[in-house]
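Chemist: Residue numbers (this note's numbering), protein chains in the order written: chain A, -18 to 354; chain B, -16 to 549.
Just so you know, the hints here were simulated from the structure itself, not pulled from any lab data.
This one's a predicted model, so the numbers in the text were calculated from it and none came from an experiment.
For every residue, glycine included, the Cβ atom is placed at its ideal position computed from N, Cα and C.
Be a bit skeptical, because a hint or two may be false.
[Unchecked claim] Some chain B residues judged to face chain A by a derived CB distance under 8 Å, without partners named: (1) Ala12; (2) Phe23; (3) Ile25; (4) Ala26; (5) Arg33; (6) Leu39; (7) Ile140; (8) Pro141; (9) Gly142; (10) Leu143; (11) Leu526; (12) Pro530.
[Said to hold, decoys possible] Here chain B is said to cover these stretches of chain A; the calculated rule only asks that three of the stretch's residues, wherever they fall, bring their Cβ under 8 Å from a Cβ of chain B: (13) 181 to 188; (14) 220 to 226; (15) 268 to 275; (16) 286 to 295; (17) 300 to 310.
[Stated by the list, open to error] With the Cβ distance kept under 7 Å, some of the chain B side facing chain A (calculated, not the full set): (18) Gly20; (19) Phe27; (20) Pro129.
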Amino acid sequence: MTFARADTSILGRWWWTVDRWTLAALACLIGFGAVLAMAATPAVATRIGLDPFFFARRQLGLVPPALLIMLAVSMLSPRNVRRVALAGFAIAMALLLATFAIGVEIKGARRWVNLPGFSLQPSEFIKPTFAVAAAWLFAQQRRQEGFPGNAIAIALYAAVLALLLLQPDIGMAAVVSAVWFSQFFLAGLRMAWVLLLGGLGGVSLIGAYFVFPHVASRINRFLDPASGDTYQINTALDAFSNGGLLGRGPGEGSVKLVLPDAHSDFVFAVAGEELGLIACLLLVGLFAFVVLRGFARLLQEPNLFILLAVAGLLVQFGLQALINMSSTLHLIPTKGMTLPFVSYGGSSLLALSLGMGFMLALSRKRYGAGEDL
Amino acid sequence: MATRIGDVLRALPSRLRIDGAAKQSIEVARHRLVVAGVLFVIAFLIVGLRLVDVTLLKEAREPRFAHAPRAGHLEMGRADIVDRNGVLLATSLATASLYANPKLVLGPAEAARKLARVLPGLDEREIAARLASDRSFVWLRRNLPPRQQYEVNRLGIPGLYFQREERRVYPHGPLAAHIVGFTDIDNRGIAGIEQSFDEKLRESGEPLDLSIDIRIQHIVREELGRTVEEFKALGGAAIMLDVATGEVLAMVSWPDFDPNAPALAPADARFNRNTLGIYEMGSTFKIFTAAMALDYGTATLRDGYDATKSIQIGRFTISDFHAQRRYLTVPEIFIYSSNIGAVKMALDIGTQRQRDFLARVGLLKASPIELPEVGPPLVPQPWREVNTMTIAFGHGLSVSPIQLAAASAATINGGVMRPATILKRQMGEPIPGERVMSAVASEQMRRLMRLNVERGSGKSAAVPGYLVGGKTGTAEKIVDGRYKKAARISSFVGAFPMNKPRYIVLAILDEPQGTKTTFGFATGSWVAAPVVGRVIARAAPMLGIEPVDEEAPDLRDQMLINVAKR
C-alpha cells in the first residue's frame, strides 16, 4: 500500500501519519493469534462436543471486523477519539450494570450479556474507554483551572472498581486499577500519594486473598506447590520443554489436549510447545516492541491528554501480556487473563482492537499546535 | 474596546500560568514515563529469561512428574530377539492396563457408556456395575494398545488410571515358535531361546542375533506343513543347517503353536521334535556306516559285499527292502539301501571303531544346541555286536534330528564336526570344529550322496542345477515294544550343491500314510525327499547359490563314481 506524500485524502493522510511499525507489530500478533486459534481450539472444541473448528472459525471470523475497528478508529482525530471513548465508556458501564440483571453466569461469574448472535463481556470494553476518559479528566484538571478532573476520575474509578468486584472479576479490576494508577502517577500525583496508593494496592491484594477463596487457593498453590493441584501449571511448564528451541510444529502439541484453558489463559504454553522458544521470544519481543516504542514516541508528545491516554492504553496492553505470560511461566500465581490478540476470545479481541485503534489514532504525527484538542 | 483589551490583559497571566503548569506536568509525565518504561523492560526481560529457563534448562532439574523415570525404565525392557538379517522375532511392547478408582468416578453409567464406545467387546453393564462398586480399585481392561489408551484418555473421565505394563510379542506368530520359545506372565523365559538366554535378554538390552533366516524358515515350514497334512502324518521335523559353520538356518517342528498364546497349545504342539524328540532314524544312518568304512579303509568305493541272503541274528532276520539278491558294490549298497550290505560293512569296521566314530560326530551325547529342550540319545548299554549290526542301518540307537543333521554335515564338509548352533556366528569369530574323518573320505561321501539322488532312492529330491545329494530313511517305529510296519519315521537327509556342499536339508515325517499319488507308499523317498527338493528349489536362489549345468564335463568328473563291479 502506497500513497503519494501529497495525498491529502483521509487514507493518504492516515498512511503518512500513523506509526506503521507498531501497526506491523500488531498485525504480526494477530497472525500469531490466527495460527494458535487453529492449533489450540480444536482440542477444546472436541472436548466439549463441538465441531473441531467451531472456535477457530469463530475467532478467524472476528479477525476482519477487529482489523476494521482498529483501522477505522485509528483514523479518528484525537478529539473524536475522546468523544467515542466517552460514549463507549458510558455504554460499557450501562452494559456492565445490565449484567447484574440480564447477565449470563459462566464458571461462577456474571460477566457476559447476551446480544443477538453472540455474548459480550462489557468489562473488556471498560478498559480502553476508561483509560481514555481518565486521561482526559487528569489532563483537563491541569489545563482548565477549577475543573475537578481528578475528583471525577476518582469517582468514576470507584464506580468501575465496585462493579468489577461485584462481578466478581478480580483480574480485570486489578488491570483497570493498575492502568488508572499509572495514569494518575504520570499526571503528576505527589509521591506521598503514590506511596500511599501503592500501599493500598498491596493491602487490597492481601485483602483479596482473605475475601475471595479462589484467589487464596491460587496464591497458596503458587507459594507452596505441594499444597494443592498444580497439574495445569506443571503441564504448561512441561509443554515448553517439550517444544524446545523450534517447537513440534503447529498442531503437533499435546498440552492442549489436557489443559482446559489451552485456547485462552494457557495459549502461551501451546505456543511454546508447537512453535518453540524462538517464536515465543519473538512473541515477547513483539509485545515489548509495541509498549516501548509507544513510550519512546510519547517522550516527544507535547499534549498531556494524549500522553496520558496512550500511556494508559499501552500499560493495559503490556500489563495484560505480562500477567498472562508470567502466570503461564509460573512467575506469578495463575491469573486468568487473555494474551492480547493471541488468546481466544471475541470480546477481548474487539476491545483490544478498539484500544489499539485509540492508541494508533492518538499517536499519529500531528503538525501545528497540539494543545487545543 | 477598552474593556476588551483589559479583559485580554487580565486573562493573559492566568492563561500563561496554566500553560506553565501544563508544561511542568508534561515534564513530570515524561520523567515518570521513563520510570514506567524501565519497569516494563525489566518485566519483559524476566519473562524472556524465564522462557529460556523452562524451555532449555529444565533437564538438569528434578523431573516434574513421577512417570518420567518409569518411562525411562520401560526402554530398558527385555531385549529383542532377531533373525540373522535383523528381522524381529520377539520384542517387548509397552502396554497400558486400565483400572479405576470407583470412588472418584462421578457417573458410572455415563462412564461405562463412553468406555464401551471406545473399547469394543467391553460389557457396558458389567463395567457400570464395577464402576459403581464401593471399592477403590477395579481392573477394567488389561494391555490396551496405544490407540485405545489414547481414546480412553480423550474421554477425560476422572477416576480412571493406567498401569504401565510390558508384554512380550512374537510378530511372526508360530513361524519360529519352538526356537524362540515364550515367556510367562512375568516376562520370564520358560521355553526356547527365551529360557536359555533369559538372563542375557533381561540385562543386556542388545538384540540377540539368531542364526535363523526367517525367509528360509517360512519356506521350510510351508513345505513341511503341507506334506504333513497331505500324508496325514502325526507330525514332522525339518532342519536346514550350514555345513561350514553349524548354524541352523531353519528348524521347524510340526505341529506348532502361537507363542503369543502358548497356554492354548496342546503339549504335542509345544514339543520340539528337532531337539527334544529322539528317533531311530533308519537308513539315513548308512551315511555314517559308509563314511566310517571309507575313512577307516575297511572298504573302498570299489569293494563290495554279498547281499544274496538275509542275515539271521537270534530271532531277528535282517533283509533288504529293495532286495537285489546279489553281490553289491559299496555305491550299490548305498543307493539300494541294502541292510545286508551295511551290516557286513559294519562288521568289518568293528564295534569299538563304530562307537568311536559315532561319538566323534556327536551322536552319542546330547546336542550342544543352545535350547533348553534337548533330548539325550538312547545309546545301547551294553554295545554288543548285535547293536553294531542294527546301528549300521539305523536301528537300536535313537538320536534327535538336529544330531543327525550336524553329524551328516561333518561327513560331507571335508570331515570336520561343527557343533550345531542357533546363534548367528559373528564375523571373524573362530568356528569350533574337530576333524572326525579324512577329507578324502568326505569327498567320496559327496559322490555317494549325489549318486543316490541321481540314480537311487533320492531321485525326488533332485533340483536341476543345484547338484542335490542325499540319503533316504524309513524306520519302523517301536510301538508297545514291537516294531510296527505301518508306523514309520520317513526321512531324508539332503545336501547341496554336492561339488561344494553348503547346506544340509533334513526332513522327517512321523507316521505318514501313503496316498493314491504315492501308490500307497509312505517311505522316505516318497514323502520326505520331495520336501527337501522343494525347499532347496525355493531357498537356494534366495541364498544366492547359482545353479550350474549339472552335465558340464568338469562337474560330471567331480561327481564321477563307479557303480558296478569291475
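Chemist: Run through the hints listed earlier and report the numbers of any the structure violates, in increasing order.
Modeler: Those not satisfied are hints 3, 7, 8, 9, 10, 11, 12, 13 and 20.
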